[in-house]
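Trainee: Using our numbering, you'd call the opening residue of the sequence shown number 1 and step up by one each time.
Worth flagging that the hints you see were computed from the coordinates, not collected in a lab.
Mixed in with the good hints, there may be bad ones.
Within a straight-line C-alpha distance of at most 27 angstroms, the following computed DSS-like cross-link-like pairs (lysine-lysine) qualify [stated by the list, open to error]: (1) K260 / K308; (2) K130 / K108; (3) K142 / K57; (4) K94 / K57; (5) K139 / K57; (6) K130 / K109; (7) K362 / K418; (8) K130 / K57; (9) K130 / K168; (10) K72 / K108; (11) K178 / K452; (12) K142 / K178; (13) K108 / K178.
Here are the simulated distance ranges between beta carbons [stated by the list, open to error]: (14) L335 / A359: 19 to 29 angstroms; (15) S235 / D313: 16 to 26 angstroms; (16) E232 / K142: 43 to 53 angstroms; (17) P87 / L335: 42 to 52 angstroms; (18) G150 / G365: 26 to 36 angstroms; (19) P68 / L335: 32 to 42 angstroms; (20) I245 / S104: 43 to 53 angstroms; (21) G122 / Q286: 48 to 58 angstroms.
Predicted model only: the values in this text are computed from it and were never measured.
Every residue, glycine too, gets a C-beta built ideally from N, C-alpha and C.
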Amino acid sequence: MLVADSRYSKHYLRINNLALISLFGYSSLEKRYQKLAAFGCNMARVLNLRDFNVESKTVLVRVDINSPLQPKSQEFLDDTRIRAIIPTLNLLTKSKVVILAHQSRPGKKDFTNTLGHSRELGRVLGRNVKWVEDIHGEKAMKAIEELNDGEILMLNNVRMDPEEVSVKGNFEEMAETKIIQRLSSVVDIFVNDAFACAHRNTPSIVGFTHTLPCVAGELMKREIDALDVALEHPSRPCIAVVGGIKVEDSISIADNMLRKGIADEIWPTGGVANLLIEYSGIDIGQGNHDFLVNELGDSYHQTVATAKAMLNDFANKIMLPTDLAANVEDNRVDLTINELPIDAPIFDIGIMSTMALSAAIKRAGTIILNGPAGVFELTDFAFGTIEMLNACAESAGYVVVGGGHTATLIMNRGLSEKMGHLSTGGGACLNYLAGRLLPGIASLEYSAEKFKLKISQTITDN
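Let's have the full structure, built from the sequences with the hints guiding it.
Mentor: Put into structure tokens, the structure is as follows:
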């Protein structure tokens, strides 16, 4: 029996307690999921935009196009995140598209409206993108209702809405906010294409789970696919190269990958290597120790505890550097770990360690790369990072790069096409690799269960 479920949007029907999206129709989900399974992905746990007929529907797309801006002119310094959402928009050329985005945070100098973003997106797309100086008020609602098929409207900076930056809670509580209630009344489907915000528990990321079918956009899908290939079905040997300044995150990633049997070897560099060398019993020098304490702050003791446990349980899988490079009066000085401690700051891994790391990368089946090997901004200490990236480019293995400075450096050196996947995720990618719950992905999984398609029955549009 087909009955309307009035608890949710008018567009949904229930058959045998399975939420069915009668409004959209569907493509062959079974074939799609078979392809994903063959590829080693787990995208079947979330709904995919390609599985819906969205022609003439009003589609709300949450994106992360937070971009570096020129302080005075507010011109875009990098349009990478703008270009990253184009594949999703290309699937919506016959839909009425409403874009929800943010720029920076309240109180920051680059906290602006999204007028410039709408213009930049229009420039990249080669078509007009409308903009309204509103988020869910009368102006926004009117602009949405007046959209024609094929048109795009960008709402104002969602972080200008007080609820977006202040309301915390579970999915149901988020669904009660005005932004969710009002926007849900004028759109048909919510597309989350903001992987870089997937670790944020905010209304615009998780609040639509109780009001609309929530599906993954192309960028979100690509990120989850790529990371799941590396984490769930890695080609062997699988190595994780963890470095950079976010020592806590890198230690968590290494620990997660070792304990779940994902990584066969961990190759620490940068501050991560310094911490692990120190707690393997080698004095790295007071200055280097103090730097780690200051950098880690309140998380220092927990990070050290994780590092110690990891060294104790997986000593044979943690490939510590055998030599390092210190900044002695603005000169690079290489030394073996037997020559530690040193008063000068350690800025890079040494030549022997770099060669060993490069060889490991070239023979690996899967390489997960997070963070540079040293202070690559200084020419004398860029050797480890540059050689590491060159090895990744030359490797036949599947290379996943965890965003941030490393991804930027790869793009600047023209190596992007030689990597398996460059994440746009930043903090979201780090949290995903560390095995932490990402609210944005959890909400998509929840929606997939809540508004599940029943493949065995034909569903027609209302």
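Trainee: Does each hint hold? Answer for all of them.
Mentor: These are the hints, each one checked on the structure:
Distance check on the hinted pair: K260 and K308 sit about 17 angstroms apart at the alpha-carbon level, within 27 angstroms; holds. Proximity of K130 to K108 is assessed by CA-CA distance (about 26 angstroms); at most 27 angstroms being required, the pair is judged to hold. A distance of roughly 16 angstroms separates the Cα atoms of K142 and K57; the hinted pair therefore holds under the 27 angstroms criterion. In summary, the hint linking K94 to K57 is supported, as the alpha carbons are separated by about 8 angstroms, within the 27 angstroms threshold.
Under the criterion of a C-alpha separation no larger than 27 angstroms, the hint pairing K139 with K57 is consistent with the structure, at around 20 angstroms. For a cut-off of 27 angstroms, the pair hint linking K130 to K109 stands: about 25 angstroms separates their Cα positions. At most 27 angstroms may separate the alpha-carbon atoms for a hinted pair to count; K362 and K418 meet this at roughly 13 angstroms. A distance of roughly 17 angstroms separates the Cα atoms of K130 and K57; the hinted pair therefore holds under the 27 angstroms criterion.
Restraint check for K130 and K168: not satisfied, since their Cα atoms lie roughly 31 angstroms apart, outside the 27 angstroms limit. Proximity of K72 to K108 is assessed by CA-CA distance (about 14 angstroms); at most 27 angstroms being required, the pair is judged to hold. For the given pair, K178 sits about 26 angstroms from K452 by alpha-carbon distance, which is consistent with the 27 angstroms threshold. Restraint check: the Cα-Cα separation between K142 and K178 comes to about 16 angstroms, which is no more than 27 angstroms; the hinted pair holds.
Taking the CA atoms of K108 and K178, the gap is about 25 angstroms. The hint holds against a cut of 27 angstroms. At roughly 21 angstroms, the beta carbons of L335 and A359 sit within the given window of 19 to 29 angstroms. Distance hint for S235 and D313: a CB-CB separation of about 24 angstroms, consistent with the stated range 16 to 26 angstroms. For E232 paired with K142, a C-beta distance near 46 angstroms keeps the hint of 43 to 53 angstroms intact.
Between P87 and L335 the CB atoms are about 48 angstroms apart, so this pair conforms to the stated range of 42 to 52 angstroms. With their beta carbons about 44 angstroms apart, G150 and G365 fall outside the hinted range of 26 to 36 angstroms. Checked against the hint of 32 to 42 angstroms, the pair P68 and L335 passes, with Cβ atoms roughly 37 angstroms apart. Checked against the hint of 43 to 53 angstroms, the C-beta distance between I245 and S104 comes to roughly 21 angstroms, which is inconsistent with it.
For G122 and Q286, the Cβ-Cβ distance of about 55 angstroms falls inside the hinted range of 48 to 58 angstroms, so the restraint holds.
The structure shown violates the earlier hints numbered 9, 18 and 20.
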